[in-house]
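> Protein chains in written order, with my numbering: chain A, 1 to 182; chain B, 1 to 168.
FYI, nobody ran anything at the bench for these hints, they're computed from the structure.
Beta carbons are placed, not taken as given, at the ideal position from N, Cα and C, and that holds for glycine.
One or more of the hints may lead you astray.
Just so you have them, the derived chain A footprint on chain B, three or more residues with Cβ under 8 Å [to be verified]:
1) 60-70
2) 146-157
Beyond 10 Å from chain A on every Cβ pair, some chain B residues (computed) [to be verified]:
3) E7
4) V10
5) G104
6) L111
7) R117
8) D118
9) E129
10) A164
These are the residues of each chain, in order.
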Amino acid sequence: MSGSGNSADFGCAEARRAIQVALDADLMEAGERRHMEAHLAECADCREHDSEMRAIQHALRSLSPLELPDQALQEVWVRTTRAGQRPTQRTWGPSWRNLAAVAAAALIVAVVGVMQWDGRVSGVPTDEELRRAASDARVVLGLTSRALRRTEQVAFRDVLADEVSGALRRAPIEWPETVSAP
Amino acid sequence: MDIVAYERVVRDEKDRVYSYASRMLRHATEAQDVAQEALVKLWQHRSRVEPDGARFWLRRTAHNLCIDLIRRRRSRPEDTELQEIMTADSRGGPGRLAESAELGRLIENALCKLAPRDRAVLILREVQELPYTEIAGILDIPLGTLKARLHRAREHLRAKLVLAGVAP
């Protein structure tokens, strides 16, 4: 439509500019608002345009916000405020506990073995029984000491992020490898 | 800015930054990358960013990262995954969804067909409803230029919708 408002110099172009100003929620001069309303009352095209622009603005404002996935947020924390925390802290517990369990199991085997040996003998043991018992005990104690040493190394490595394991390898804790026969 | 202030800003702004990047880039993975990068950069520059200005700093950084990425890849297929997310996500409740989901989807599609500078101004003003002065700062343009660009962007969006046979 060609401009057909109350004012000769207020046509469709002026009306559409005024519609935008209204969408911006900016202050509009009273005279301009009056001209726009008068123009919209008479111009179907501009009325439709005004209606469409308002619908588009409403639709844009109704668009839902999107949520940053939790995994992405966790990565942000890891790269920022939690950057100083070593990931090994998460795995320290289980690996250390597993090896500690092996050591404990070995100790139990040793104790049970000694108890069985105690129950089996009646009276004075023979030389052969003593040699066999001493050999079994050496095996069990050897396993136990290795498990404990390994446990200690892993615990230190996990806690101190492999900074001391090299030193431990160079200077291992000495456990008795052999046990003197009674 | 200390750690407490930083974490508060991140929690308050992460979805806004991600939403902006998603709508600018139309690619879920890249939008995540941009959001993460902006949030990490804020931490790296925390000694120079005042808590009061952190949100503005974050939005401006996210915008600049998006523009850089768009410049690096001018033609990339749209991410259908993101479109599904945008269509499925509704916080307005089922009634509002029923009323606006279809128009919302069409608006999203029309939005992504606009030039990045038109898209940016519409997202910042109409979707995120930021004040003009802040948008002018984010885009680094004068206020008058911003309003002219906003008016043109609205007209372009309407034209895209009309072209698609949609009468809002």
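> For a quick check of understanding: which of the numbered hints are violated here, in increasing order?
1, 3, 4, 5, 6 and 9
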